[in-house]
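Number of protein chains: 2
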Amino acid sequence: MPELRKDPVTGRWVIVNMENPKKAGDFSVEPRARSTKICPFCPGHESMTPPEIISYGRKAPAKNTPGWQVRVIANKFPALRIEEPTEKKKLGVYERIGGFGAHEVIIENPDHEKEIGDLTPAEAELILAAYRDRCLDLRRDGRFQYILIFKNYGEAAGASLEHPHSQLIGLPIVPSRVAGELEGGARHHARARRCIFCDMLARESTEKKLTVFENADFTAFEPFASRFPFETWILPRAHGADFDAVTDAKIKTLAEALQKTLQKIRDALKNPSYNLMIHTLPIHGGRADSFHWHIEIIPHLTQVAGFELGTGFYVNPTPPELAADILKNH
Amino acid sequence: MPELRKDPVTGRWVIVNMENPKKAGDFSVEPRARSTKICPFCPGHESMTPPEIISYGRKAPAKNTPGWQVRVIANKFPALRIEEPTEKKKLGVYERIGGFGAHEVIIENPDHEKEIGDLTPAEAELILAAYRDRCLDLRRDGRFQYILIFKNYGEAAGASLEHPHSQLIGLPIVPSRVAGELEGGARHHARARRCIFCDMLARESTEKKLTVFENADFTAFEPFASRFPFETWILPRAHGADFDAVTDAKIKTLAEALQKTLQKIRDALKNPSYNLMIHTLPIHGGRADSFHWHIEIIPHLTQVAGFELGTGFYVNPTPPELAADILKNH
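Protein chains in written order, with this note's numbering: chain A, -7 to 322; chain B, -7 to 322.
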């Protein structure tokens, strides 16, 4: 029997197929391609990329040489550029802004073959520290409204290079999904005087039906109204709106939660492509009491058709409780 | 130089690549597959489908036999079902509804190989009449909030059967993209006392930079803030909120606009997969003065990653003015 579920943050409805749910083995996952091209992100090829912005865990002193553990560079083919204008221009009913922004690449580790789940805890923590530090640095430029950290893993998820990397886009606007969560969070807060994300965590701490992994600081769970099979969110258990306020101590437990979650997805679903993104409070003007930063991970298991994009109406073939059960036990 | 553009209805921003735009030939389009399985939608196989709800252009009197031109049936694998309950159930912060709804298939013509653009005008008009009549019929059941008409053409767009067909889903909720357009339309109307869609049409009637095709009653154009390359909308030129109020006379000119638009997309882009959906006023409670029904067509040319889905932030490689220019001249 199908079921319609409402996302408590945004109010979006999804159809969840409860009768003949798709299980982990029912999805066809394309094999990971292995390119034979020279990889510009591998150590020794530093001159093939734009110059280094910062690196972490460096064993050699010179920039743009091997010895780094995490390396941050400008994107060679940026979607936006820091030298573009930021003025808004009205064209009748239309509005546009010059393509101002930042677009950086975070090369996650020197090893071409090692994904986040395969690294040592210390190596994984360096990636998260790089995410945070780049956000803190770019925040100082008042023209940015939002710093978007994301990762496309695998060709089907949009990765054009295999070497494990994440991306950062600094934007003069707030992405619409984040704006929708902010509005929904504010609506709930006006009514209940509580953060809707904290309410979900409180319910889950007793129900435990959606939880995939938890430690002292973070909970990974399948959202009640997941749009996609095995969609997984990681939330700090204590209320916090800004990802970039995460402390070094919390980076350790966040790295653990992220690694465990990605390992479970890798093992249960035969190493699927996935997208990861951080939703955080916009730099200017968001309400910190009603927004709760989190990481969203979407494994690439189904063909998303324009239908879903054009209507905002999703059909999820796997109940989130079943997905949680499968991932928890991996 | 990249450019950020704001959708005047919803307020969503997209990045449009203005510098090295992708042209019609730059997209790789998968060849149309030809299945060798027996097609349940072909004439003579009527017993393989659920019973006929209605048919059009029938030359033989008996139901569920050949002789039909358009045939409407219940979906054999429905996403929602008419016999499910409609009660809302609260589970703490969560909310769900039983999977009540209707799911129908509109078999567009007897010929397995003929797409909408290949039909005679009279044949294409029958499809649109079927869309309208099914909406009018289901509207009488007060439990529906929204009747969603859509079409997935080609495997990449989610079509599981080749034989040209559209689908209808009757929903007890309003899809979120439609809800977003309603809200945006109401915002603009509160400020300007005009329909934002009418304002776009008025601007386009003098600018002509985005128009793909127009006749006396309908305009097909590329939205200023298109999320996807060659995304095309068809709007009635006179204000109207309800698709199902379309008259027989307007069905003729709508069929012309739809056929011309689909022919241009087919010819310019090597017959790509596409999704089509109708956005119309919800059955209960929408504001007819600030919403304007329309058809959205999204050719399947780029890999849409979870990144776009997770952030609501799109990067469009083809400026809509260029797409309009290419389609107009085909």
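Worth flagging that the hints you see were computed from the coordinates, not collected in a lab. Keep in mind that the hints are not guaranteed to be accurate.
Intra- or inter-copy, both count: the list cannot distinguish identical chains.
Lysine to aspartate or glutamate pairs mimicking EDC-like chemistry, simulated, CA-CA at most 20 Å apart [unchecked claim]:
#, residue 1, residue 2
1, -2, 175
2, 200, 87
3, 242, 209
4, 15, 44
5, 244, 234
6, -2, 87
7, 262, 154
8, 201, 129
9, 262, 110
10, 252, 209
11, 106, 234
12, 81, -5
13, 51, 281
Model, not experiment: these values are computed from the prediction.
Each hint, compared with the structure:
1. Taking identical chains as interchangeable, the C-alpha atoms of residue -2 and residue 175 lie at most 20 Å apart whether they share a chain (15 Å) or sit on different chains (18 Å).
2. Taking identical chains as interchangeable, the C-alpha atoms of residue 200 and residue 87 lie at most 20 Å apart only when they sit on different chains, with a minimum of 17 Å there against 46 Å within one chain.
3. Taking the closest pair of Cα atoms, residue 242 and residue 209 come within 20 Å of each other only inside a single copy of the chain (7 Å); across copies the shortest separation is 60 Å, beyond that limit.
4. For a Cα distance limit of 20 Å, the shortest separation of residue 15 from residue 44 qualifies neither inside one copy, at 43 Å, nor across copies, at 33 Å.
5. With identical chains, the CA atoms of residue 244 and residue 234 are at most 20 Å apart within one copy only, with a shortest distance of 17 Å there and 55 Å across copies.
6. Proximity of residue -2 to residue 87 under the C-alpha cut-off of 20 Å is restricted to the inter-copy arrangement: shortest distance 6 Å between copies versus 32 Å within a copy.
7. Proximity of residue 262 to residue 154 under the C-alpha cut-off of 20 Å is restricted to the intra-copy arrangement: shortest distance 17 Å within a copy versus 30 Å between copies.
8. With identical chains, the CA atoms of residue 201 and residue 129 are never at most 20 Å apart, being 39 Å at best within one copy and 41 Å at best between copies.
9. Within a single copy, residue 262 and residue 110 get their C-alpha atoms as close as 14 Å, which meets the 20 Å cut-off; across copies the closest is 43 Å, which misses it.
10. For the identical chains of this complex, residue 252 and residue 209 are intra-copy neighbours only, at 14 Å inside a copy versus 58 Å across copies, given an alpha-carbon limit of 20 Å.
11. Taking CA atoms no more than 20 Å apart as the test, residue 106 paired with residue 234 passes in neither setting, with 29 Å inside one copy and 54 Å between copies.
12. Within a single copy, residue 81 and residue -5 get their C-alpha atoms only as close as 45 Å, which misses the 20 Å cut-off; across copies the closest is 11 Å, which meets it.
13. Taking identical chains as interchangeable, the C-alpha atoms of residue 51 and residue 281 are never at most 20 Å apart, the minima being 42 Å within one chain and 66 Å between chains.
When each numbered hint is compared with the structure, violations occur for hints 4, 8, 11, 13.
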